[in-house]
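Undergrad: Mapping of the sequence shown onto my numbering: residues 5 to 289, in sequence order.
Rather than coming from a laboratory, the hints here were simulated on the basis of the structure.
From a predicted model like this one, the values you see are computed outputs, not experimental measurements.
Backbone N, C-alpha and C fix where the C-beta goes; we use that ideal spot for every residue, glycine too.
Heads up, a few of these hints could be off.
[Said to hold, decoys possible] Below 30 Å or equal to it, Euclidean Cα-Cα: the simulated DSSO-like pairs (lysine-lysine) are: (1) K206 <-> K243; (2) K79 <-> K6; (3) K43 <-> K54; (4) K77 <-> K113; (5) K79 <-> K113; (6) K54 <-> K77; (7) K77 <-> K14; (8) K62 <-> K77; (9) K138 <-> K54; (10) K138 <-> K79; (11) K62 <-> K43; (12) K175 <-> K6; (13) K138 <-> K62; (14) K54 <-> K6; (15) K175 <-> K240.
[Unchecked claim] Simulated DEER-style distance windows between Cβ atoms: (16) A244 <-> E111: 48 to 54 Å; (17) E197 <-> P162: 31 to 37 Å; (18) G250 <-> T128: 53 to 59 Å; (19) E111 <-> K62: 15 to 21 Å; (20) V259 <-> D213: 19 to 25 Å; (21) R35 <-> D289: 32 to 38 Å; (22) E197 <-> R238: 50 to 56 Å; (23) A245 <-> K138: 30 to 36 Å; (24) N93 <-> E197: 45 to 51 Å; (25) G208 <-> E85: 15 to 21 Å.
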Amino acid sequence: MKEHQQLEWKETWRDEFLAVICGFANAEGGRLHIGRNNKGEVVGLPNAAKLLEDIPNKVRDILGILVSVRSHKDKGRAWLEIVVDAYPNPISFRGRYFQRCGSTVQELKGAALDRFLLRRQGRTWDSVPVPGVKVSGLSTAAIRRFRELARDSGRLEPADLRSSRAALIEKLQLTEGAYLKRAAVLLFHENPERFVTGAFVKIGYFRSDSEVAYHDLIQGDLFTQAARTIDLVRTKYLKAAISYRGIHRIERFPVPDAALREAVLNALVHRDYAVGAPIQIRVHD
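Can you make the complete structure from the sequences, with help from the hints?
TA: As structure tokens, then:
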């Protein structure tokens with residue numbers, strides 16, 4: 005038997021091992037065995053009877069959760085098994101959050117912590133409301149472009165397309181109470197970087213791994229970023245092979261238009277905006 009996602013061994017008890025229990029509670033649950041060495045062999049626990057009472061109280065008082073602590077004996081040597089359930093709400097240990105990953109316990113920080121907390125609250129990053137942004141502050145051009153695309157694709161009813169911008173944003177479920185969600189800012193605000201760090205595209209043409217010949221920054225709402233990125237990559241960064249068929253000039257690009265469009269749209273739609281870094285496209289000589 006080896007340590008794994010839901011099992012860890014410790015020879016003795018120290019209060020810092022509450023981080024392990026916290027990690028189990030924030031993952032899939034698990035069992036912490038006290039009185040086993042790192043090979044899983046029972047070495048005994050002299051103060052098992054006292055810990056049997058102390059550990060549940062410490063877990064309750066510090067982590068705010070309940071665990072089951074069971075006493076066992078193997079060849080006369082006592083050891084304890086702490087059984088931890090998975091908790092739907094985030095559990096912290098002295099203001100820090102831990103999660104079990106494989107056979108290790110990782111402290112959650114930065115974007116990983118944001119995702120964890122939002123997920124435990126039943127939310128996603130783009131559903132978080134943004135104070136200080138109103139429907140009137142959204143880009144008229146971006147909303148008009150969306151109406152045209154929605155009309156051409158037939159994804160929305162004609163009545164919805166003719167509605168006011170406030171009604172349209174509400175129909176798209178981009179509001180929460182009086183606030184717009186982050187998704188609305190990314191889609192329709194002319195300067196989403198004011199609210200979302202790194203919400204732009206950076207394209208660079210490299211002559212070598214370290215030498216940049218030129219680069220461009222693509223900013224604006226996501227519809228603008230998508231259109232301008234596709235156009236710039238194709239017209240400025242990709243070199244077409246030119247041939248002739250009779251008097252007709254034929255250009256063949258190294259990346260088909262459909263593949264380029266799919267790659268750019270996937271990058272914009274599926275990127276992790278919580279990281280705070282822009283999308284980077286590198287084109288090499």
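Undergrad: Is the distance from the Cβ of A245 to the Cβ of K138 consistent with 30 to 36 Å?
TA: Distance hint for A245, K138 is violated at roughly 50 Å.
Undergrad: Do the Cβ positions of E197 and P162 conform to the proposed distance bound of 31 to 37 Å?
TA: For P162 against E197, whose Cβ atoms are near 34 Å apart, the range 31 to 37 Å holds.
Undergrad: Holds or violated: the 53 to 59 Å window for the beta-carbon distance between G250 and T128?
TA: holds (54 Å)
Undergrad: Is the straight-line distance between the alpha-carbon of K43 and that of K54 30 Å or less?
TA: holds (25 Å)
Undergrad: Evaluate the given range 19 to 25 Å for the C-beta pair formed by V259 and D213.
TA: holds (20 Å)
Undergrad: Would the pair K54 and K6 pass a check requiring their Cα atoms to be no farther apart than 30 Å?
TA: holds (27 Å)
Undergrad: Just tell me: holds or violated, for the beta carbon distance of R35 and D289 against 32 to 38 Å?
TA: violated (56 Å)
Undergrad: Is the gap between the beta carbons of N93 and E197 within 45 to 51 Å?
TA: Violated, at about 33 Å.
Undergrad: So if I understand the rule, the pair passes when the alpha-carbon distance is 30 Å or less; does K77 with K14 pass?
TA: holds (16 Å)
Undergrad: Take a quick look at whether K138 and K79 sit within 30 Å of each other, Cα to Cα.
TA: violated (70 Å)
Undergrad: Taking 15 to 21 Å as the stated bounds, is the beta-carbon spacing between G208 and E85 within them?
TA: Violated, since G208 and E85 (Cβ atoms, about 55 Å apart) do not stay within the stated range.
Undergrad: K138 and K62: Cα distance at most 30 Å?
TA: violated (47 Å)
Hint violations for this structure: numbers 4, 5, 9, 10, 12, 13, 15, 21, 22, 23, 24 and 25, all remaining hints satisfied.
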